[in-house]
Amino acid sequence: MTDYLADVAALARKDLRLELRARDTLPAMVLFVVATLVVFHFALPGGAGDDAAYGLLWVALVFTSLLGLGRAWAPETEAGALDGLVLAVSDRSTIWLGKTLAALAFLGAAELVALPAFALFFAPLDGPALAGVALASIGLCAVGSLVSAMAAAARGREVLLPLLFLPLAIPLVVGGVGSSISPDPGTYLAFLGLYDAVFAILSWAAFEYVVTE
Amino acid sequence: MSITKPSLATLAGLAVLLAGVSVVMIFFVAPEDADQGLSQKIFYVHVPIALTAYAAFGLGAWKALRLLLTRGERYDLESYTGIHQGTIFGALTLITGSIWAKASWGVWWTWSSNQLVLFLVLFLFYCAYFMLRFSIEPGPRRERISAVYALFGVALIPVSFLAIRLASDFIHPTVFTREGPQMTGEMFAAFCCSWAAITLLAYVMYRTELAGKRTDLNLRALREALAR
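For the record, the sequence lines run as chains A and B. Numbering-wise (my numbering), the first sequence opens with residue 267 and increments by one. Numbering-wise (my numbering), the second sequence opens with residue -16 and increments by one.
Derived from the structure by calculation, the hints contain no laboratory data. This structure is a prediction, so every number in the text was calculated from the model and none was measured. Glycine residues also receive a C-beta, built at the ideal position from the N, C-alpha and C atoms. Mixed in with the good hints there might be a few duds.
Claimed, not checked - Just some of the chain A residues that point at chain B, by a computed CB distance under 8 Å:
| id | residue |
| --- | --- |
| 1 | Gly393 |
| 2 | Ala420 |
| 3 | Arg421 |
| 4 | Ile436 |
| 5 | Gly441 |
| 6 | Thr453 |
| 7 | Tyr454 |
| 8 | Ala456 |
| 9 | Phe457 |
| 10 | Val464 |
Claimed, not checked - So these bits of chain A aren't anywhere near chain B, every CB distance computed over 10 Å:
| id | residue |
| --- | --- |
| 11 | Leu286 |
| 12 | Leu292 |
| 13 | Pro293 |
| 14 | Val300 |
| 15 | Ala318 |
| 16 | Leu333 |
| 17 | Leu391 |
| 18 | Pro394 |
| 19 | Leu429 |
| 20 | Leu430 |
| 21 | Pro449 |
| 22 | Tyr461 |
| 23 | Phe465 |
| 24 | Leu468 |
| 25 | Tyr475 |
| 26 | Thr478 |
Excised from the complex, chain A in its bound form (with noise of 0.2 Å):
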């Protein structure tokens, strides 16, 4: 058990320093967000309420999230590293769990910037809303991690991404924007956290089969 964490933590730091030392992951993510909000402010009408605003901040969050996804494994496949990792770790789902874990630390760091944002350009999040962003980017990592480990085996990985995990980010779409906007988020909130306990034990126990040959 120690050992399984042990690897886990290492593989997490192992993207978090490479991200500190290239910087070529989270600096993107930073700025398509914030762009897309300003975008966003001349896509709504004049008189578009803040309900349409909370529907694309999750719009934005999704595709934030899929640019980061789209790199995930850029550091494993250019290398060639990931035979290396396969071999070397005790037990293969300590791979996904630890991308997972970095993808979502590069997440909540654009959404430490893309949430005030928010709040200054359109309109304020509660409580409710804010635990369904967090709820859903676990969910948005868990099965990105999965299926951006897919795309990497195939050819055209940068078109193949954004078809693979949009059907799967739906339901988190739909949690997401009923945290934010339900007179009784309550509901939401707990399917939200059903869909990422189904999808990461899924993830969890199918990634070995994505990644050995």
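Use these hints to put chain B onto chain A, whose structure you have.
Below, chain B without anything else, positioned relative to chain A:
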């Protein structure tokens, strides 16, 4: 006691026969719906097609699970064929549902119809399955990645269903409730007959496609062996 597997031709004949019987039952036995009139008849085709699509996706995922657990190579083709059939029937569900929506609500598409929205999501998801499958080199890796994605599909069906239910208002007619089907006996008989016909038809299509794909693979292997 051993029962020999009926041949594909027998099954196909039976499917055609059942389809004929269901057409007769739909139009001459089942009474006309009091609210919707003639347009309700599409229900006997639309719902069985949708259920068959679910069954085909389920079959694809089941074969995918068998592939992952036993590493049996033949399950790859079976899973792929199941999903292919599911996608065909899913597209038919979208088309028949759209026609029904036009007839009873006056619009070709409505977001308040949960089943239609679910099928749109699933259709997108399974179209991506084909994109994924055809952009990986054939081999064990492709088999496993396709299998994992197929398994995600069956998890996505209930989760999406719940999500769409949460997201929408409820004007889609709920025919099956906890008190059993809300239909007369004749309607239910016509429905079951049509359901059996379409499921059998899907099975025949599945077996035919599988046989074709297997022959194709064998032929290719033979050609490669000859070229050497």
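Structure-based check of all given hints:
| no. | hint | verdict |
| --- | --- | --- |
| 1 | Gly393 | 20 Å, violated |
| 2 | Ala420 | 4 Å, holds |
| 3 | Arg421 | 4 Å, holds |
| 4 | Ile436 | 6 Å, holds |
| 5 | Gly441 | 7 Å, holds |
| 6 | Thr453 | 7 Å, holds |
| 7 | Tyr454 | 7 Å, holds |
| 8 | Ala456 | 10 Å, violated |
| 9 | Phe457 | 6 Å, holds |
| 10 | Val464 | 6 Å, holds |
| 11 | Leu286 | 31 Å, holds |
| 12 | Leu292 | 27 Å, holds |
| 13 | Pro293 | 29 Å, holds |
| 14 | Val300 | 28 Å, holds |
| 15 | Ala318 | 15 Å, holds |
| 16 | Leu333 | 18 Å, holds |
| 17 | Leu391 | 20 Å, holds |
| 18 | Pro394 | 14 Å, holds |
| 19 | Leu429 | 4 Å, violated |
| 20 | Leu430 | 5 Å, violated |
| 21 | Pro449 | 14 Å, holds |
| 22 | Tyr461 | 6 Å, violated |
| 23 | Phe465 | 7 Å, violated |
| 24 | Leu468 | 6 Å, violated |
| 25 | Tyr475 | 4 Å, violated |
| 26 | Thr478 | 7 Å, violated |
Consistency note: the structure conflicts with the earlier hints numbered 1, 8, 19, 20, 22, 23, 24, 25, 26.
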